[in-house]
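S.K.: Letter by letter, the chains look like this.
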Amino acid sequence: MQIFLPIADVPVDLFVLLILGAAVGFLSGVFGIGGGFLMTPLLIFLGIPAAVAVATEANQIAASSFSGVLAHLKRRAVDFKMGNILVVGGLLGSAVGVEVFRIVKSYGQIDLFVSLCYILFLGSIGTLMFLESLSTIQRSRKSVNTFNHKKKHNWIHGLPFKTRFKSSNLYISAIPPVVIGFIIGILASIMGVGGGFILIPAMIYILGMPTKVVIGTSLYQITFITAFTTFMHATQNKTVDLLLALILIVGGVLGAQLGARVTVKLKAEEIRILLAIIVLLVCLKLALDLMMTPNDLFSITYSNES
Amino acid sequence: MRALIFSVIFIFSMSSFSLGAVISDIDKTDIELSTRFDGTSLLVFGALSPENDNTSLLVEVIGPSTSVDITKKVQIWGIWVNKKIAQFQDIPSFYKISISNPEHPILKEIEYQKLKSIFYDFLETNSTPEDDNGVEQYYHELTRLKKKLGKLSIFEEKINIIDKKLFSYKVTLPKKIHPGKYKIKMTLIDQQGIELSKSEQSVKVSKVGVQEFLSSNSKNNPVFYGLFSVIIALFLGFSAAQLFRWLYR
Numbered sequence: 001m002q003i004f005l006p007i008a009d010v011p012v013d014l015f016v017l018l019i020l021g022a023a024v025g026f027l028s029g030v031f032g033i034g035g036g037f038l039m040t041p042l043l044i045f046l047g048i049p050a051a052v053a054v055a056t057e058a059n060q061i062a063a064s065s066f067s068g069v070l071a072h073l074k075r076r077a078v079d080f081k082m083g084n085i086l087v088v089g090g091l092l093g094s095a096v097g098v099e100v101f102r103i104v105k106s107y108g109q110i111d112l113f114v115s116l117c118y119i120l121f122l123g124s125i126g127t128l129m130f131l132e133s134l135s136t137i138q139r140s141r142k143s144v145n146t147f148n149h150k151k152k153h154n155w156i157h158g159l160p161f162k163t164r165f166k167s168s169n170l171y172i173s174a175i176p177p178v179v180i181g182f183i184i185g186i187l188a189s190i191m192g193v194g195g196g197f198i199l200i201p202a203m204i205y206i207l208g209m210p211t212k213v214v215i216g217t218s219l220y221q222i223t224f225i226t227a228f229t230t231f232m233h234a235t236q237n238k239t240v241d242l243l244l245a246l247i248l249i250v251g252g253v254l255g256a257q258l259g260a261r262v263t264v265k266l267k268a269e270e271i272r273i274l275l276a277i278i279v280l281l282v283c284l285k286l287a288l289d290l291m292m293t294p295n296d297l298f299s300i301t302y303s304n305e306s
Numbered sequence: 001m002r003a004l005i006f007s008v009i010f011i012f013s014m015s016s017f018s019l020g021a022v023i024s025d026i027d028k029t030d031i032e033l034s035t036r037f038d039g040t041s042l043l044v045f046g047a048l049s050p051e052n053d054n055t056s057l058l059v060e061v062i063g064p065s066t067s068v069d070i071t072k073k074v075q076i077w078g079i080w081v082n083k084k085i086a087q088f089q090d091i092p093s094f095y096k097i098s099i100s101n102p103e104h105p106i107l108k109e110i111e112y113q114k115l116k117s118i119f120y121d122f123l124e125t126n127s128t129p130e131d132d133n134g135v136e137q138y139y140h141e142l143t144r145l146k147k148k149l150g151k152l153s154i155f156e157e158k159i160n161i162i163d164k165k166l167f168s169y170k171v172t173l174p175k176k177i178h179p180g181k182y183k184i185k186m187t188l189i190d191q192q193g194i195e196l197s198k199s200e201q202s203v204k205v206s207k208v209g210v211q212e213f214l215s216s217n218s219k220n221n222p223v224f225y226g227l228f229s230v231i232i233a234l235f236l237g238f239s240a241a242q243l244f245r246w247l248y249r
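Chains A and B, in that order, are what the protein sequence lines are.
Mapping to this note's numbering: the first sequence position 276 is 276, numbers consecutive.
Mapping to this note's numbering: the second sequence position 4 is 4, numbers consecutive.
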């Protein structure tokens, strides 16, 4: 069934969108990821303008992360103080990101910009994840366990503005969480991702937060940042397609519930390697689209509509 | 519908009118762009009183104006980048022209004059054309791309003429069209292209329902639209959490 998206200004098939939303939701349920970094490129592949894909995806993530954080609130698995500091950095980052987005869009190069950001991020993260899981698998074959996540004193502990985070049982500077939050804000506004794939490792390895509050706190921050980013994109760039977001939210919720209830008989590192392969494939497709000679060198755009 | 059309045509054809005249009507005056809009067609019909056998009927369909950028992909460091090469200010987003007599002696000239007065005169370039064809290249790309999108057709569609007196013409509109006023101009011309008589109809194309609510608020009330989008998303997130908590109790 074909429907016309009012802001993206393109006709799309409703069922294709629902299935896409459900498929990405399913993967996010299985892998425990947000899925924004898969959904935004897939929307672009469907012919939705990159600017609309990014802003709308931020809107979808606001829904899914809010739904997620509610469960963690019940279990008291959110460090509010840490979350709020991350949010402060995130709001700043998002405001900066949306402004950069607006400027690049006014030059008519937003599609290229979003693609390049994705290639850079998916390329490096996919490769890192792939190599790391590969070496973990090799290590486990030799049955030598070299894992060592002992808390160390590092440069983080030398920074000023130290504050106590009770829920995380930490006494560290407020600067690193602000900076991390800022980076997540930029990522959310430019790429339409929640940024969990950066935020969670950063919370564990840089801030040294205990695993039990990491997911809840990251969802707490992501809810605020994506909601703010949606609002900023709507007011600055007018690129949020609410109809598209609604379809993706419905598809995504169903898919994620299904995905979370499927027992995957795979080891953690095997799951990660699968995920890395998906990430690299999306990256490859984006790169090929930029490098292959287009069918038609010329195109027309309606300039007074944007 | 058919009966209505033919009775209208019958009444029109009965009435007497001066030499070389055209009168017309249209089967709808409003087109609603809903979320399910998948293109449509409309029927223009009417009666002619040709002065002699040498008159021809021109039908033009002219959509609302927009500005159009022509971009060309250029390769920079192995990557294809869009480069804006020309702009046409306020040209019709949709244009169709048809003629009852495709053998008209000055058809090519009419075509050029029409395209010039509608499209070519509104070219604004900021770059000097690199191609030997100069600005002709921009004209060519504009018409080629518009034709490809189904938004331009020049003497491709047939006007049905019955008994040299009645005509009907079906206009198909693609699924992606601009809202606004669409004018349909009927002109009776002679062999030299001189106008003998004119008649004009118009159709209002407007967004309706969800389509209208979202696109107008996004444009005109962005603060409301932004808050609304966020609230809807949070509400749906909350509902989903409640729903599944209840389901898996």
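Hints in this document: simulated from the structure, not taken from any laboratory.
It should be emphasised that the depicted structure is a prediction, and the values quoted were computed from it without experimental measurement.
Please note that the accuracy of each hint is not assured.
The calculated lysine to aspartate or glutamate pairs, modelled on EDC-like cross-linking and capped at a C-alpha distance of 16 Å, are [what the hints assert, rightly or not]:
| id | chain 1 | residue 1 | chain 2 | residue 2 |
| --- | --- | --- | --- | --- |
| 1 | B | 148 | A | 296 |
| 2 | B | 83 | A | 9 |
| 3 | B | 219 | A | 9 |
| 4 | B | 72 | A | 296 |
| 5 | A | 238 | B | 212 |
| 6 | B | 175 | A | 296 |
| 7 | B | 73 | A | 13 |
| 8 | B | 165 | B | 25 |
| 9 | B | 147 | A | 289 |
| 10 | A | 105 | B | 32 |
| 11 | B | 176 | A | 296 |
| 12 | B | 84 | A | 296 |
| 13 | B | 175 | B | 69 |
| 14 | B | 72 | A | 111 |
| 15 | B | 73 | A | 111 |
| 16 | B | 84 | A | 111 |
| 17 | B | 73 | A | 9 |
| 18 | B | 176 | A | 9 |
| 19 | B | 83 | A | 13 |
| 20 | B | 175 | A | 9 |
| 21 | B | 207 | A | 269 |
Reference listing, derived: stretches of chain A covered by chain B, where coverage requires no fewer than 3 residues with Cβ under 8 Å from a Cβ of chain B [as the list claims (entries may be wrong)]:
| id | stretch |
| --- | --- |
| 22 | 3-11 |
| 23 | 64-73 |
| 24 | 190-199 |
| 25 | 271-283 |
Virtual Cβ for every residue (Gly too), placed ideally from N, Cα, C.
S.K.: Would you mind marking each hint as holding or not holding in the structure?
M.R.: The hints, checked one at a time:
no.	hint	result
1	B:148 <-> A:296	holds (11 Å)
2	B:83 <-> A:9	violated (22 Å)
3	B:219 <-> A:9	holds (13 Å)
4	B:72 <-> A:296	holds (9 Å)
5	A:238 <-> B:212	holds (15 Å)
6	B:175 <-> A:296	violated (22 Å)
7	B:73 <-> A:13	violated (28 Å)
8	B:165 <-> B:25	holds (14 Å)
9	B:147 <-> A:289	violated (25 Å)
10	A:105 <-> B:32	violated (31 Å)
11	B:176 <-> A:296	violated (20 Å)
12	B:84 <-> A:296	holds (15 Å)
13	B:175 <-> B:69	violated (21 Å)
14	B:72 <-> A:111	holds (14 Å)
15	B:73 <-> A:111	holds (13 Å)
16	B:84 <-> A:111	holds (14 Å)
17	B:73 <-> A:9	violated (22 Å)
18	B:176 <-> A:9	holds (8 Å)
19	B:83 <-> A:13	violated (31 Å)
20	B:175 <-> A:9	holds (11 Å)
21	B:207 <-> A:269	violated (51 Å)
22	3-11	holds (count 7)
23	64-73	holds (count 7)
24	190-199	violated (count 0)
25	271-283	violated (count 0)
When the structure is compared with the earlier hints, violations turn up for hints 2, 6, 7, 9, 10, 11, 13, 17, 19, 21, 24 and 25 and for no others.
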